[in-house]
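Trainee: These protein sequence lines are chains A and B, in that order.
Residues 1 to 321 in UniProt numbering are what the first sequence lists, from first letter to last.
Residues 1 to 321 in UniProt numbering are what the second sequence lists, from first letter to last.
For the record, the hints were derived by calculation from the structure and aren't laboratory data.
It cannot be assumed that every hint is accurate.
Stated by the list, open to error - Label pairs and their calculated CB-CB ranges:
| no. | chain 1 | residue 1 | chain 2 | residue 2 | range |
| --- | --- | --- | --- | --- | --- |
| 1 | A | Val115 | B | Ala85 | 33 to 43 Å |
| 2 | A | Asp7 | B | Thr5 | 27 to 37 Å |
| 3 | A | Asp294 | B | Glu127 | 14 to 24 Å |
| 4 | B | Pro220 | A | Pro165 | 51 to 61 Å |
Unchecked claim - Capping the alpha-carbon separation at 20 Å, the derived lysine to any residue pairs in SDA-like fashion look like this:
| no. | chain 1 | residue 1 | chain 2 | residue 2 |
| --- | --- | --- | --- | --- |
| 5 | A | Lys14 | B | Lys14 |
| 6 | A | Lys14 | B | Ser24 |
| 7 | A | Lys246 | B | Val62 |
| 8 | A | Lys133 | A | Pro27 |
| 9 | B | Lys14 | A | Pro27 |
| 10 | B | Lys14 | A | Thr67 |
| 11 | B | Lys14 | A | Ser24 |
| 12 | B | Lys14 | A | Lys133 |
Stated by the list, open to error - According to the in silico footprint, chain B covers these stretches of chain A (three or more CB under 8 Å from chain B):
| no. | stretch |
| --- | --- |
| 13 | 20-26 |
| 14 | 86-92 |
| 15 | 116-124 |
| 16 | 170-180 |
Backbone N, C-alpha and C fix where the C-beta goes; we use that ideal spot for every residue, glycine too.
Residue-level listing of the chains:
Number of protein chains: 2
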Amino acid sequence: MELVTIDDIRQAAKRIEGDVVRTSLVPIDGTVDRTLWVKPESLQPIGAFKLRGASNAVAQAVGRTSTVITHSSGNHGQAIAMAAAAHGLRAIVVIPDDAPQIKIDAVRARGAQIVLVPGEERASRVEQLAAQKGALVIAPYDDHDVIAGQGTVGLEIAEDLPELPGGATVLVPVGGGGLLSGVSTALAALRPDVRVVGVEPELAGDAAESFHRHTLIRWPRSRTARTIADGLRSDLADRTFAHIEKYVSDIVTVTEEQIIEACRFLYRRGRLVTEPSGAVATAGFFAHPQVVGDRAVAVISGGNVDPHWYAENVVTSSAPR
Amino acid sequence: MELVTIDDIRQAAKRIEGDVVRTSLVPIDGTVDRTLWVKPESLQPIGAFKLRGASNAVAQAVGRTSTVITHSSGNHGQAIAMAAAAHGLRAIVVIPDDAPQIKIDAVRARGAQIVLVPGEERASRVEQLAAQKGALVIAPYDDHDVIAGQGTVGLEIAEDLPELPGGATVLVPVGGGGLLSGVSTALAALRPDVRVVGVEPELAGDAAESFHRHTLIRWPRSRTARTIADGLRSDLADRTFAHIEKYVSDIVTVTEEQIIEACRFLYRRGRLVTEPSGAVATAGFFAHPQVVGDRAVAVISGGNVDPHWYAENVVTSSAPR
Numbered sequence: 001m002e003l004v005t006i007d008d009i010r011q012a013a014k015r016i017e018g019d020v021v022r023t024s025l026v027p028i029d030g031t032v033d034r035t036l037w038v039k040p041e042s043l044q045p046i047g048a049f050k051l052r053g054a055s056n057a058v059a060q061a062v063g064r065t066s067t068v069i070t071h072s073s074g075n076h077g078q079a080i081a082m083a084a085a086a087h088g089l090r091a092i093v094v095i096p097d098d099a100p101q102i103k104i105d106a107v108r109a110r111g112a113q114i115v116l117v118p119g120e121e122r123a124s125r126v127e128q129l130a131a132q133k134g135a136l137v138i139a140p141y142d143d144h145d146v147i148a149g150q151g152t153v154g155l156e157i158a159e160d161l162p163e164l165p166g167g168a169t170v171l172v173p174v175g176g177g178g179l180l181s182g183v184s185t186a187l188a189a190l191r192p193d194v195r196v197v198g199v200e201p202e203l204a205g206d207a208a209e210s211f212h213r214h215t216l217i218r219w220p221r222s223r224t225a226r227t228i229a230d231g232l233r234s235d236l237a238d239r240t241f242a243h244i245e246k247y248v249s250d251i252v253t254v255t256e257e258q259i260i261e262a263c264r265f266l267y268r269r270g271r272l273v274t275e276p277s278g279a280v281a282t283a284g285f286f287a288h289p290q291v292v293g294d295r296a297v298a299v300i301s302g303g304n305v306d307p308h309w310y311a312e313n314v315v316t317s318s319a320p321r
Numbered sequence: 001m002e003l004v005t006i007d008d009i010r011q012a013a014k015r016i017e018g019d020v021v022r023t024s025l026v027p028i029d030g031t032v033d034r035t036l037w038v039k040p041e042s043l044q045p046i047g048a049f050k051l052r053g054a055s056n057a058v059a060q061a062v063g064r065t066s067t068v069i070t071h072s073s074g075n076h077g078q079a080i081a082m083a084a085a086a087h088g089l090r091a092i093v094v095i096p097d098d099a100p101q102i103k104i105d106a107v108r109a110r111g112a113q114i115v116l117v118p119g120e121e122r123a124s125r126v127e128q129l130a131a132q133k134g135a136l137v138i139a140p141y142d143d144h145d146v147i148a149g150q151g152t153v154g155l156e157i158a159e160d161l162p163e164l165p166g167g168a169t170v171l172v173p174v175g176g177g178g179l180l181s182g183v184s185t186a187l188a189a190l191r192p193d194v195r196v197v198g199v200e201p202e203l204a205g206d207a208a209e210s211f212h213r214h215t216l217i218r219w220p221r222s223r224t225a226r227t228i229a230d231g232l233r234s235d236l237a238d239r240t241f242a243h244i245e246k247y248v249s250d251i252v253t254v255t256e257e258q259i260i261e262a263c264r265f266l267y268r269r270g271r272l273v274t275e276p277s278g279a280v281a282t283a284g285f286f287a288h289p290q291v292v293g294d295r296a297v298a299v300i301s302g303g304n305v306d307p308h309w310y311a312e313n314v315v316t317s318s319a320p321r
């Protein structure tokens, strides 16, 4: 298996320019003697970084197929649906039946055909449907082109982050590891002064365990389903684990309460709406000062959140303490 | 009275670089056959564009005084407090006693001394305190350097907005008119293909009335206080009216319900937290398609909003219709 290269990521950046937002690094005030920038991928049209990888993969499917298919907890599904529509392809999205309704509705609104299945059956149903319909499978993270597309997040951080004595840490949420793979590949090539650290919910801490034991460990879905960060319940794939082993400095975990508190912080201090998965890297900044150091970028991976949950647990609970 | 020039704005941009965030133009999806970008000044450290003008004015006060003083409904007060702290000056902020508590607390947290007074007494109390303490007054909008600083919003839009056949419209909220003065000055110089339109709450529609009657009309504070957009209750000053008469294409008004619906739209589609005043330009995009045309930038002026109001009226009411 070939790893993604910096050239793959540079080509992806050219390919997806115009389809995705070039997000800023936004400094967040109120962190007391430490410096935090966020990269708000929640400002992408679908509200998540996933549009980068999907756009890169779909752009390369044009002329090879009329239909793309994927499985997704929602944001990747939306991304594939949007990218397919932009390139004149049909999209089929297989979604686990425990995904939040807001995400299912959003994929449907992008014009994709939706198939709801139990979480465990996702992969097999995708293969079955792909064979029936002659569709090209674009996996959410176990895909070379998708990883290269997500790597453009790292390319932009490399361009925007000032060079600082003592360096800085880039914090990236880990689910299946596509974003972490791409970002760490880009920064290893372009910014050796920067350390890349993955952040994961303790309740879905399979990547941290894999990283520290140097072998890919999978947790059953029944176990990872406990975290509120529904975008980060996936296992790593061999492909993403290979990138992570090579380029990532560390993977740390955070508690559910730390994740929700990070959502509150980003609402209050950043005026940014984030889903729990999207706030996990920011939670890592506060939970692990010794690992992270005094200066960090936290990637906000997405902002598609149930409004009622968000109003009650984040907005009205966000008063400074 | 001399008007602000494009050179003043260019110098301001150099002076405040590093103190303010270079915000992106973010395309917002879901506008049906029209194109909307927003410029989210809510992502400034104080949550509002006011940091630009305040930083430009405070930077020039260094060496001339040890104390700056202003009156403000909150965001300008926070901005002066933050800019003063950054430049080693003391700040006194006179705030009307009907300002939201969240804004008063935020100014206090920046280390400024706060004086609460009835709205009508703001100007006189500032003069009195300035004389007593030898402090330099930095008015929220009736100030050459403040307008030049706000103009950097226009400079950045000029740099980022693609040149489009048929041009585009830039929508700017109007309270005292400082932001509209600066933005329209910059775009008149740099982008003659772009029209600048002010947007104002109908319930504080003094600027629209002034613009259409070609004479500066002031509404009593008891009248403008009815709008929920508390940042836009101010009158124009002679200085801002002069810029607006020269450079602005039109001023339109929006209803309270249109403002709140724009907050919901920006939450739902932009994942951006905005205060009502901050959403007024976006409300204008939807309310006045004939004036605005098919492509527009809406400046989001700020995001400091009461969490309980926001949770109830925006977040949980934000489901697509």
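Trainee: Now look at each hint and say whether the structure bears it out.
Mentor: To see whether the hints hold, each was checked on the structure:
no.	hint	result
1	Val115/A to Ala85/B: 33 to 43 Å	violated (56 Å)
2	Asp7/A to Thr5/B: 27 to 37 Å	violated (46 Å)
3	Asp294/A to Glu127/B: 14 to 24 Å	violated (44 Å)
4	Pro220/B to Pro165/A: 51 to 61 Å	holds (56 Å)
5	Lys14/A to Lys14/B	violated (30 Å)
6	Lys14/A to Ser24/B	holds (19 Å)
7	Lys246/A to Val62/B	violated (50 Å)
8	Lys133/A to Pro27/A	violated (47 Å)
9	Lys14/B to Pro27/A	holds (19 Å)
10	Lys14/B to Thr67/A	violated (50 Å)
11	Lys14/B to Ser24/A	holds (19 Å)
12	Lys14/B to Lys133/A	violated (58 Å)
13	20-26	holds (count 5)
14	86-92	violated (count 0)
15	116-124	violated (count 0)
16	170-180	violated (count 0)
Hint check: violations occur at hints 1, 2, 3, 5, 7, 8, 10, 12, 14, 15, 16; the rest are consistent with the structure.
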